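*Asks:* Numbering follows full-length UniProt numbering, with no gaps: position 17 of the sequence shown is 17.
One or more hints might be untrue.
Stated by the list, open to error - List time: in silico DSBU-like cross-link candidates among lysine-lysine, alpha-carbon distance up to 30 Å:
# : residue 1 : residue 2
1 : Lys-95    : Lys-9
2 : Lys-197   : Lys-95
3 : Lys-95    : Lys-22
4 : Lys-293   : Lys-267
I should point out that these hints are in silico values taken from the structure, not numbers from a laboratory.
Note that the coordinates shown come from a computational prediction; the quantities given were computed from them, not determined experimentally.
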Amino acid sequence: MRPHLVLAKNFNGETALHLAAKKWDGLLVIIVLLQIHHNWLQSLPQNLQDANDLLRTKNERGNTALHELLLSDQGATAEYLIRQDPELSYIRNNKSQSALYLAVRSGNVDCVSLMLRLCSDEERVNQLFNNKSPIEAAIIYKSKGVLEAIFNTSPRLIKVKDGEGRNPLHFAASLGHLEEARYLLQRYAPNACKRDKNGMLPIHLASFEGHVDIIRLLLQDFPDPGELLDGDGCNILHVAAKSGRYNVFSFVLNNPHLNYLINMQDKSGNTPLHWASMYFNLKIVNTLTWNSKVETGTVNNNEQTALDVVEYYMPHNPQFRQRLTWAALKAASIPRNCSKKRASSRSKITGSYKDRVNTQLLVATLVATITFAAGFTMPGGYISSEAGTNSGTATMLRDKGFHVFIFCDTIAMYSSIVVATVLIWAQLDDLKFTLTALTLAVPLLGIALTMMSMAFTAGIFVVVSKLKWLSTTILAMDISFVAILVLLLLPLCAPLTSRSRILRYLSYYPFCWLVHLSTN
1 MRPHLVLAKN
11 FNGETALHLA
21 AKKWDGLLVI
31 IVLLQIHHNW
41 LQSLPQNLQD
51 ANDLLRTKNE
61 RGNTALHELL
71 LSDQGATAEY
81 LIRQDPELSY
91 IRNNKSQSAL
101 YLAVRSGNVD
111 CVSLMLRLCS
121 DEERVNQLFN
131 NKSPIEAAII
141 YKSKGVLEAI
151 FNTSPRLIKV
161 KDGEGRNPLH
171 FAASLGHLEE
181 ARYLLQRYAP
191 NACKRDKNGM
201 LPIHLASFEG
211 HVDIIRLLLQ
221 DFPDPGELLD
231 GDGCNILHVA
241 AKSGRYNVFS
251 FVLNNPHLNY
261 LINMQDKSGN
271 TPLHWASMYF
281 NLKIVNTLTW
291 NSKVETGTVN
301 NNEQTALDVV
311 EYYMPHNPQF
321 RQRLTWAALK
331 AASIPRNCSK
341 KRASSRSKIT
351 GSYKDRVNTQ
361 LLVATLVATI
371 TFAAGFTMPG
381 GYISSEAGTN
391 SGTATMLRDK
401 GFHVFIFCDT
411 IAMYSSIVVA
421 TVLIWAQLDD
431 LKFTLTALTL
441 AVPLLGIALT
451 MMSMAFTAGI
461 FVVVSKLKWL
471 STTILAMDIS
481 FVAILVLLLL
491 PLCAPLTSRS
501 RILRYLSYYP
511 FCWLVHLSTN
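From just these sequences and the hints, can you work out the full model?
*Replies:* Below you can see the structure in the form of structure tokens.
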């Protein structure tokens, strides 16, 4: 074999050494190739030797032969190459993965220990841990044995920070890997008090990701989370409010020693309720508004209450979740302290409510028309004029199902007429009056729709009552649909924004159902 052919590459940029590294039985071939290449290099001038180094040659993916060995989990052969050239541990591929990173990811304790022992340049090792940190890989893949190998070989690495200023405990807390976090805490507890470039402690990252077990672990050594603040003065509840981690709130609210956190203000004066409102985290907002320990009227440095914050950040066409967040705060009697943005968009809000008024007016008119017509087309018809004194009366007059039909149809018609009348008054250009009209009209319209459905059910049942199997089937089917209708109408008709304590309690479960729907 001609020595210079050892450096020849195929279409994927792979040398013979790369190809041999992919074979499980390629160790002997690798040894022979390296010996041939070594002998050939000796015949070259010094300035050409580095440029023709076979071990450091990369393929199209940026992998050296050592990368390929570690990717195919050939630890013994990889150790041979590491001893041949320890510098290979520093080389990164196109994904910025060093050979050391791949060794950690594959859980190869022997290769990791060997690399760290042979890598004498501390500055270059630190660079490896600043970007695509091997420690991060060990935590991601839960390789506790590799972590022990890293810190036993180079204890100083437990203090090394990545490009964002995060130490190993930050990684474990962010990922929620409890055993690895416990090991790191036992190994070097002061890391729990080290901040990253954003001023975040490990406990803040755990809170942001909702890892309650990590929070509980970190609080064992640092029991006062009120002192554990990030660069903006936020505690773990502020952070959880931003990311919507309800489980963190449940943990804190169920722990009497931590309840004081719920009213703490950050540097901007925002409480957890402010932050949850700002990010429209509905479930958290709803829970806090029902908690008697929460001071709902607190204002921030901009003189804004939580309701002000919601109205300031709410878009002109809010999503359902955003509307419910506003409703939860309104029902909790949280005051307004400023309304600059709302005043500027008053005309758009008025237009939105007018559309709702027109839609409901149309539905009410249709219900009134249908129920009026049903009142004169009775199920079963009328007794003919030849029947004497009973002429013109309904043939089913004595039937109980007919009585249900009459009652429901009458209630539906008059309810819809009242709704139509109220909504006609709502056409006046008065936002407050429009809101009052809608508050009254929506429940009545819900009653009208329900009664109309029940009237239809009763009418059909009366007509087919002689055939038992058919009447039973129709009744069961119609009752199911009416139940679904009521379930859908109940949240719409419930006084969700009422500040009356009684009405608020009555609408609690419908509101919780809406919260569940909007958060899932």
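*Asks:* Each hint should be assessed against the structure and marked as holding or not.
*Replies:* How the hints compare with the structure:
no.	hint	verdict
1	Lys-95 with Lys-9	holds (21 Å)
2	Lys-197 with Lys-95	holds (24 Å)
3	Lys-95 with Lys-22	holds (19 Å)
4	Lys-293 with Lys-267	holds (21 Å)
Hint violations for this structure: none, all hints satisfied.
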